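> Sequence:
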Amino acid sequence: MSSEYPPTMPAEYADIEFENNAQRLPLVLCLDISSSMAGAPIQTLNTALAEWTRELQEDVSLSYSVEVAVVTFGGRFGVCSWRGPQLLDPRAGVSPFVPAHMFQAPQLAASGVTLMTEALELSMRIVAARKAELRASGLQYYRPQICLVTDGLPTDATGHFTETWRRLIPVLEEEQRNRRFRLYAIGVGGITELGEQVLRSFAPKFNARIQGFPFRELLQMMSASANAEQKGAGDEVFEKIFSQFKTQRPAWES
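Under the working numbering, the letters of the sequence shown match residues 73 to 326, in that order.
Don't read these hints as lab results, they were simulated from the structure.
Don't take every hint at face value.
Each computed DSBU-like pair below joins lysine-lysine, with the alpha-carbon atoms no more than 30 Å apart [to be verified]: (1) K318 x K277; (2) K303 x K318; (3) K277 x K203; (4) K303 x K277; (5) K203 x K312; (6) K277 x K312; (7) K303 x K203.
Quick caveat: nothing in here was measured; it's all calculated off a predicted structure.
Go ahead and model the full structure; you've got the sequences and the hints to work with.
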């Protein structure tokens, strides 16, 4: 794996600030960009990310509370975090979170293997780090959201299926029990029964196997969930939103 990362942070993000009193809602998109996503799937994902970014910024409530980070697995560098459109060097020590009103979607390309386990571990680490930063600054936050999206099975660095994903199960059970974040695990495209089993193990309540690549609807569901989080909704509301996403009947439009 090459270590020739691009510059760590674009100039327009150098002095990002929220409104001082805005309560934060960290949201991580953990996205599969391995070789199986090449062609129409990755194009559909890029289009959906761009459209969702515009919609998020038009929502006054979300645009000044949600902060977005992107984690990808696959591609040239394996598991990566992005600060808006910019790939981050992991040695830089820079938070990948960008306030929604300043967020720009990255342009993703598909290649490589499916290091799903490591990507989800990175997602959990950056959420924990961001929460610590907010607490240290005396700022409040809503329960963070992580959305894992994949069309395949977890692999090792050689592209072979691996059982290492099982090490996440007790960790995720504890994290969910302590309400440290809300995890959505979405299988798209040609994901197999075994792939669906992995996602069910990761997120027993919020997993789905969806036909095709409905990334636009998925991202809109994440916005609906963020809105519900801001309103202090109970678990039944999130379960309804998610259930209706799974059947392609958007609860947030009803």
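> Are the hints correct? Go through all of them and say.
Hint by hint, here is what the structure shows:
1. K318 x K277: Holds, at about 12 Å.
2. K303 x K318: holds (22 Å)
3. K277 x K203: holds (24 Å)
4. K303 x K277: holds (20 Å)
5. K203 x K312: holds (27 Å)
6. K277 x K312: holds (11 Å)
7. K303 x K203: holds (20 Å)
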